[in-house]
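Enquirer: Chain by chain, the residues:
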Amino acid sequence: MEFDECLRRARRGDTDGLAQLWRRYQPLVLRYFRGHLPNVAEDLASAVWVDVARGLASFQGTEDGFRGWLFTIAHHRLVDEHRRRERRPELVVADPVEIACDNDIGADVTSLDGALALIRRLPADQAEAVLLRVVADLDVGAVAEIMQRREGSVRVLVHRGLEKLATLCEKPVTTGSGSTMKKVS
Amino acid sequence: MTQPPTPNSPLDGLLSALRSAATTDELSGEATAVQAMAFEIADSPRGTFVMKSTARARRIVSMTAIGVLGFAGVAAAGRGVFVPDNRPTIDTTPETTAPVDTVSETTMVDDSAADTTMVNDTAADTTMVEDIAADTTLVDVSTSIDSEATEVECAEGNHGKTVSSVARETEPGPDHGATVSEAARSDCGKDSTESDDSTENSTEDSTADSTEDSTEDTTEDSTEDTTEDHDSKPSDSGSRGNGHKPSDPGSQGRGKDG
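Those protein sequence lines, which keep their order, are chains A and B.
The opening position of the first sequence corresponds to residue 1 in the numbering used here, with each subsequent residue numbered one higher.
The opening position of the second sequence corresponds to residue 1 in the numbering used here, with each subsequent residue numbered one higher.
Hints listed in this document are in silico derivations from the structure and should not be mistaken for laboratory results.
Built from N, CA and C at the ideal position, the CB exists for glycine as well.
Misleading hints may appear alongside valid ones.
[What the hints assert, rightly or not] If you anchor each label on the Cβ, the simulated ranges turn out as follows: (1) A/Gln-60 / B/Thr-24: 32 to 42 Å; (2) B/Ala-76 / A/His-82: 26 to 36 Å; (3) A/Arg-11 / B/Glu-30: 14 to 24 Å; (4) B/Ala-57 / A/Ser-111: 51 to 61 Å.
Start from the sequences, fold in the hints, and give me the full structure.
Expert: Below, the structure written as structure tokens:
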């Protein structure tokens, strides 16, 4: 089913259209949240889809625009969650889920859980930029709009984030031109 | 600028893992999520309308309640302020005191010329004929309750019995307490030295004769005629001239007539 047809049916409340949208983007949304807060990833993803359903009738755009709109909602939900945790810091103390996820760093980094565990070791803005750029597959302009930053800043964040990930993998990372990036101790 | 890593690098494997296909765990709960979305889409417009109408209705009800309560509060406060001005006790007090005044006036008329002068003073305030007639006949006609109470107390000649009889015979109402208290304040029945027969005779004669004569005379002339008539009454009754002194006309007269 084409995206436009899927979106048109989803606007009418058709379950097939909604299921198509959900199956196409739910893994991306879930990975995005798992790269930040794995313990509440599913809850946040559910809240995002409820917001999508509420605003679906007013959405106008292409598939790329829908993806950008979807992760804009996800970014706002993430910011709200961080603010809520700042107001109630006792809720995030000794979270067993996050501890277990952080222990996945020693596992295979090529697995999804290992990769997400490494991303959680990044600074928040670098992780956000990498996730939006890699997982959501958004272009730099869309990421800059979501993060309220300039495109150059987003590029720097993505570069530093990937560099840090390569360091965490404890293997030298080579660039496309053949030059070898130094291992950062 | 960010340059893509070599395909075989660990970072490439990491990015490939992030872009991998969806797992079954990630797609679990599809039915619930889709149902929630469909319900949200179907319920969102109607729910919005209901919320607006409910909020509007609540606002109307709240404003109405505030208005009613405010008006009721102002009305209650206004009544509380104006009650002392319209208090019925204030209005009834002159009414209850008026018969006492008339009683005392008739008593004075029966006693002496000085008392009759007071009657003339009160009569001079308004129309002579009506006031004098009213003053002299009030005991029998105008204030029936007070006159009956007066007759009873005079007949018994005992102050306590008089007051109790007044209390029993006065009909319950706003004037009941005032009438009884007035009877209690009066000197009726306190004169125990005089005989009951003389009291009764003098009272009956004085009230009856004075009423008739004074009414007739005042319609013709003035207060002087009534004075003359009243002056002639003791000679008729025979007991009035002996039992009363000019020095204390009021108390003695009230003791007889009540």
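Enquirer: The structure should be examined with respect to each hint, and the outcome stated for every one.
Expert: Cross-check of the supplied hints:
Take A/Gln-60 and B/Thr-24: their Cβ atoms lie about 34 Å apart, and the range 32 to 42 Å holds. Checked against the hint of 26 to 36 Å, the pair B/Ala-76 and A/His-82 fails, with Cβ atoms roughly 55 Å apart. Our hint of 14 to 24 Å for A/Arg-11 and B/Glu-30 holds, since their Cβ atoms are close to 19 Å apart. Under the hint 51 to 61 Å, the C-beta atoms of B/Ala-57 and A/Ser-111, about 57 Å apart, fit the expected range.
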